[in-house]
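Visitor: The whole structure should be built from the sequences, with the hints applied where relevant.
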Amino acid sequence: GAVVSQHPSWVICKSGTSVKIECRSLDFQATTMFWYRQFPKQSLMLMATSNEGSKATYEQGVEKDKFLINHASLTLSTLTVTSAHPEDSSFYICSATTTGVDYGYTFGSGTRLTVV
Amino acid sequence: QKEVEQDPGPLSVPEGAIVSLNCTYSNSAFQYFMWYRQYSRKGPELLMYTYSSGNKEDGRFTAQVDKSSKYISLFIRDSQPSDSATYLCAMREGAQKLVFGQGTRLTINP
Chain F
1 GAVVSQHPSW VICKSGTSVK IECRSLDFQA TTMFWYRQFP KQSLMLMATS NEGSKATYEQ
61 GVEKDKFLIN HASLTLSTLT VTSAHPEDSS FYICSATTTG VDYGYTFGSG TRLTVV
Chain R
1001 QKEVEQDPGP LSVPEGAIVS LNCTYSNSAF QYFMWYRQYS RKGPELLMYT YSSGNKEDGR
1061 FTAQVDKSSK YISLFIRDSQ PSDSATYLCA MREGAQKLVF GQGTRLTINP
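First to last, the sequence lines map onto chains F and R.
At position 88 of the first sequence the residue is numbered 88 (our numbering), and the sequence of numbers has no breaks.
Throughout, our numbering is defined as the position within the second sequence, counted from one, plus 1000.
One or more hints might be untrue.
[To be verified] Per the computed footprint, the stretches of chain F lying under chain R, defined by three or more beta-carbons under 8 Å from a beta-carbon of chain R, are:
no. : region
1   : 44-58
2   : 105-111
[What the hints assert, rightly or not] Residues of chain R placed beyond 12 Å of chain F at every Cβ, according to the derived structure:
no. : residue
3   : Gln-1001
4   : Gly-1016
5   : Ser-1026
6   : Asn-1027
7   : Gln-1038
8   : Glu-1057
9   : Arg-1060
10  : Lys-1067
11  : Ser-1068
12  : Pro-1081
13  : Pro-1110
[Said to hold, decoys possible] List of simulated lysine-lysine pairs, BS3-like, C-alpha gap at most 25 Å:
no. : chain 1 : residue 1 : chain 2 : residue 2
14  : R       : Lys-1042  : F       : Lys-41
15  : F       : Lys-41    : R       : Lys-1002
16  : F       : Lys-66    : R       : Lys-1097
If you are wondering where the hints come from, they were derived from the structure by calculation, not from laboratory data.
From a predicted model like this one, the values you see are computed outputs, not experimental measurements.
By construction, the Cβ of each residue, glycine as well, lies at the ideal position given by its N, Cα and C atoms.
Guide: Laid out in C-alpha cells, this is it:
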C-alpha cells in the first residue's frame, strides 16, 4: 500500500525562528501533495495543494510567505513555517496522491509544532 | 450550509456493539467517498474507499453509499476498545481536494 512518511513528529521552536517539516512518499510517486492544519478537536483544514515542479496553490486566508511549500521531487514535499509565532502552534499533516493508481489519498503521521 | 455534514458526537458505546457513523453531503458532483480513522496526535488512516453507490465490506467495517440521498455510512461490527478514535468522512470530485466532515469522536467502553 501507499506509505507517506512525515518528519519530525513533533518540534518545539522559539518564536521568530523557522521550522521545516518534510513529507515523503515511500513507495509511490506523489504527483500531488496536500498540507493540512488541525486544531484540537477539529477537522483538517487544507492549507495548500502542491504539484511536483509547480508552485503551490494556497487556500484563501493562508499566508504564502509564512507557509512556504516546496515540492521539488516526486517523493518529497516540505512545509517551512517562517518566523513562527505561538499562534502557529498546531498539528500539521501532509497527504499525497498520484496519477494512475488511486490510493484514496494517504496521510502522513503529522507534526505537532509548538512555538514558545 | 457545509458541503459535508457529520455529527461530531461524542459517541460512546459498549464493547461488541454495532456502531453506525453517518455523513450527508450537498454536492452531487462528489464521486469518491472515504472514511478515515484518526487516533489522537496521529495522521488519518484510510479505512474505506468507495466510488459507487452500494455497500463495501472489509472485515468488521462496512461502508455504504447512497448517492441518490447524498448519504454515506460506516458500520463497525463487534466494536473493540481499539476502535476508539475520531472517524472522518471525506469525499471529492474527480482529482480535486478532499472535503472532510467534522469528524465523530467514538469511544468503545470495555
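Visitor: Decide, hint by hint, whether the structure agrees.
Guide: Structure-based check of all given hints:
Counting residues of the region 44-58 of chain F whose CB falls under 8 Å from any CB of chain R gives 3; the rule of at least 3 is met. Against chain R, the region 105-111 of chain F contributes 6 residues with a C-beta closer than 8 Å to a partner C-beta. That satisfies the three-residue criterion, and the hint holds. Interface exclusion of Gln-1001 (chain R) from chain F stands, the closest Cβ pair being 16 Å apart, more than 12 Å. Separation of Gly-1016 (chain R) from chain F is adequate, the least Cβ-Cβ distance of about 27 Å exceeding the 12 Å criterion.
Here Ser-1026 (chain R) stays apart from chain F, with its beta-carbon at least about 16 Å from theirs, past the 12 Å limit. Remark: the non-interface label on Asn-1027 (chain R) is consistent with the geometry, its nearest Cβ contact in chain F lying 16 Å away (cut-off 12 Å). Non-interface status of Gln-1038 (chain R) relative to chain F is broken: a Cβ of that chain comes within 12 Å, the nearest being about 9 Å off. With 12 Å as the threshold on Cβ separation, the claim that Glu-1057 (chain R) sits away from chain F holds: the shortest Cβ distance comes to roughly 16 Å.
At roughly 19 Å, the least C-beta separation between Arg-1060 (chain R) and chain F is larger than 12 Å, which holds for a residue marked as non-interface. Annotated as non-interface, Lys-1067 (chain R) keeps its C-beta farther than 12 Å from every C-beta of chain F; the closest such distance is 18 Å. Look at Ser-1068 (chain R): its CB is around 23 Å from the nearest CB on chain F, clear of 12 Å, so calling it non-interface holds up. Separation of Pro-1081 (chain R) from chain F is adequate, the least Cβ-Cβ distance of about 20 Å exceeding the 12 Å criterion.
Taking the minimum C-beta to C-beta distance to chain F, about 23 Å, the non-interface status of Pro-1110 (chain R) holds against the 12 Å cut. A threshold of 25 Å between alpha carbons decides the hint, and for Lys-1042 (chain R) with Lys-41 (chain F) the separation of about 13 Å falls inside it, so the pair holds. At most 25 Å may separate the alpha-carbon atoms for a hinted pair to count; Lys-41 (chain F) and Lys-1002 (chain R) meet this at roughly 18 Å. Taking the CA atoms of Lys-66 (chain F) and Lys-1097 (chain R), the gap is near 22 Å; set against the 25 Å cutoff, the hint holds.
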